[in-house]
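Quick mapping for you: the protein sequence lines, in order, are chains A and B. The opening residue of the first sequence carries number 1 in the working numbering; numbering runs sequentially from there. The opening residue of the second sequence carries number 1 in the working numbering; numbering runs sequentially from there.
Honestly, the hints are just simulated from the structure, not real lab data. Small disclaimer: the values here were computed from a predicted structure and weren't measured. Do not rely on the hints blindly, as some may be mistaken.
Unchecked claim - Simulated DEER-style distance windows between Cβ atoms:
| id | chain 1 | residue 1 | chain 2 | residue 2 | range |
| --- | --- | --- | --- | --- | --- |
| 1 | B | LYS379 | A | GLY33 | 51 to 57 Å |
| 2 | A | ARG397 | B | GLY88 | 46 to 52 Å |
| 3 | B | GLU224 | A | THR228 | 43 to 49 Å |
| 4 | B | THR131 | A | GLU297 | 45 to 51 Å |
| 5 | A | LEU442 | B | TRP450 | 25 to 31 Å |
| 6 | B | GLU216 | A | ASP342 | 42 to 48 Å |
Every residue, glycine too, gets a C-beta built ideally from N, C-alpha and C.
Protein chains: 2
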Amino acid sequence: MANKDVTDPVRMEKIVSLCKRRGFIFQAGELYGGLNGCWDYGPLGAELKRNLKDYWWRKTVQERDDVLGMDGAILTMEEVLKSSGHIGGFSDPMVDCKTCKGRFRADSLESFECKEKPSVCPGASPKCELTEPRDFNLMLQTNFGATGEQIAYLRPETAQSIFCQYKNVLDSNRVKLPFGIAQIGKSFRNEINPRNYIFRSREFEQMEIEYFCRPEDGLRLTDEWLETRLCFYAEIGIPREKLHILDIPDGERAFYSQKTYDIEYEFPFGIQELEGVAYRTDYDLGVHAKGSGRPLEYFDEETKERFLPHVVEPSAGCDRTVLALLCEAFDEEELGSDGKSDIRTVMRFMPSMAPIKVAVFPLLKKNEEQVRIAREIQKALQPWMNVFYDDGGAVGRRYRRQDEVGTPFCLTVDFETLGEEDPALKGTVTVRHRDSMEQERLPVEELLPWLLARVR
Amino acid sequence: MANKDVTDPVRMEKIVSLCKRRGFIFQAGELYGGLNGCWDYGPLGAELKRNLKDYWWRKTVQERDDVLGMDGAILTMEEVLKSSGHIGGFSDPMVDCKTCKGRFRADSLESFECKEKPSVCPGASPKCELTEPRDFNLMLQTNFGATGEQIAYLRPETAQSIFCQYKNVLDSNRVKLPFGIAQIGKSFRNEINPRNYIFRSREFEQMEIEYFCRPEDGLRLTDEWLETRLCFYAEIGIPREKLHILDIPDGERAFYSQKTYDIEYEFPFGIQELEGVAYRTDYDLGVHAKGSGRPLEYFDEETKERFLPHVVEPSAGCDRTVLALLCEAFDEEELGSDGKSDIRTVMRFMPSMAPIKVAVFPLLKKNEEQVRIAREIQKALQPWMNVFYDDGGAVGRRYRRQDEVGTPFCLTVDFETLGEEDPALKGTVTVRHRDSMEQERLPVEELLPWLLARVR
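Just chain A, with the same shape it has in the complex:
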């Protein structure tokens, strides 16, 4: 499926349907007809996204000496975005159709399928009368203050607050080059055609690193960060062979960038970008030093040099990565035998990403001792991980419900646990593995360390 045009809409529909049915993702404002391009994460989606963000933070900030975290405001001053070039420069070329009054991205007219207005696809109908392309700003604006006199923008990327606080972080943390500042947070763009589920939305979350370095290290560090980020994706369950690395050629990169890699994933709707790793030179600090009139140079105490650091930016889309995790995990397995068809739907998340780490069942709801032990196990595990307790229906059906949301392990308290079948099995439970469906028995007191070693 390395061809960009190969898509699998049937698979995509199944994933979207499962996400709604099991509470991963709902459309925002659905009760009122829906807010186009905005999504709410339901209980399981919120946990999946938390797992992704926590893992990124752990690997990027906690486990590294050279990266510090921050968490900046969404509301952004006009001056910041003037300096950064977003006011004036952050726009898409758009064309208007004089016939249907619609507005469309000029750069995607050919592939555009107008589902809402099927009678007037832009350019496709002889009735269409398209204007020349015009720039259309992608930022969302708001006003505040007592008389609404102050303008602010919803940040179009988390990066700018990092550049603006770079000096404060430097001064308060005694760090030396190279060092990075990392941030996870919401950004907003007025996408004209939000599409492909949560892939392209108006409100989205980013996981960005601005890694400051000496100018001569920029190109080397860009390659190193590319490798670091590819390892990250493999660790969360997105294998290297499903990723495509674009080395953006001269002339197609942003004018200030000396190197840009796009990391793309094979989504069911085509190969699309997950992350960009860009060597942005000293462009950002330069424009903010100029715009603010304040010096942003770094003083190297060893070489006694004063200079603007260069920056490498690995910038990942959080919602896109959630979607990649969902797409990669989704599987339908044919289990039928004797001519009967039986399809098992299973989300093969890595245990570290799975919204629920373990489910605990008493074999029989009416067996008080089984229920008591199952509840005890649940309580013992709950401070450490997400546990789901279920006593409804046959155990086989309970397994299947957990398969569908990707729970890697199910524990069943049964008659063996009570020692009623075989005294040697007393105090053990059945551990059932999601992927292989194999079962083994483990003593209750070994469950916590056994699970902790597997789900983190």
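Let chain A serve as the given structure and place chain B on it in line with the hints.
For chain B alone, coordinates are given in the frame of chain A:
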């Protein structure tokens, strides 16, 4: 200090200064003069806030069977906020001064100190000419869509997306009353007078629970949630005796609320609200059922009744709680002896809230073996907690730098560790306790479990 008017501006100034100096909190857009009422969390502030949010999520969602999480969009449809009453009803009474053109909250004119325009305090100067109070809407609006034709608001509270998705969560999760939906996220209000540091800001984060129940259980569950929330504050280091509970009397509550408690904390700038626990009856689901024209009733399978659940809402301010943690932790201790003054500044965070859990030092930077062991300890602990490595300056000064940011434990690799002084001490390190400044020795291999038992 139980008197609301008792304040300690000197203490508050010291806390603000420490937060800037050590990288807890910076003003948003400071490089360009600052965006009033918006704040960026620096490296340590981001960790402190993460610890608070993670602990809240763990206690509220992960460790409870009856509460599910969600994570909704900030952009909110106009229809949602019309139903909720925010459009039309969510406003402050304001007066304008015809002399200085300023706008002020009518309900706080008496206590208002006009620092920006000291010559014209509203009502205080004979020059002032104030208008009658007028309603001023507190929501931030934005426009999007191809022609900017669609209106959306930045949510003024996270609660509304919970109410709007209540049915989807119910349908996708097979839950029974009583159950709750919890959410952490940003909200926005056009505060006219943002003040008291991060206490009242235009962009803020909330930690909200909507707990749905049978009507006859509402009052009892309100009292239970109040108790649960008070325990939570004690667990994170805000003791019960610093909290004040206001039982809002009839006539002062929102018209739909049958019971409302405010939980207030003794900030250095006065006693102010941290959280509200409100019994909101079926008001919210009622207005959304009516506004959307869709049924939101719950069907009780046991009693065969169909009814709108009532709701209890414990709604906490995340930034306010961060501020309370900072204020509660800040301490200056007089350590001088022999007539010399020596003041130790120490942030007495609970270990679970501390941004850095443990610092690791080699006694001597030039001792390669000490450095090697210190780095090994750091690497072994880092996957589990925030670790800070420091080899600069005298150990005493390193301790003090950690005290100032609230690191509960410092580990020093010294000559005893190498077995050079006493063979019995080989392989042990000095553990220094922040609060008591006492020291003990622990074997390196016991450090991880010893710390894990204390910092979570």
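Right, here's what the structure says about each hint:
no.	hint	verdict
1	B:LYS379 <-> A:GLY33: 51 to 57 Å	53 Å, holds
2	A:ARG397 <-> B:GLY88: 46 to 52 Å	48 Å, holds
3	B:GLU224 <-> A:THR228: 43 to 49 Å	48 Å, holds
4	B:THR131 <-> A:GLU297: 45 to 51 Å	50 Å, holds
5	A:LEU442 <-> B:TRP450: 25 to 31 Å	27 Å, holds
6	B:GLU216 <-> A:ASP342: 42 to 48 Å	45 Å, holds
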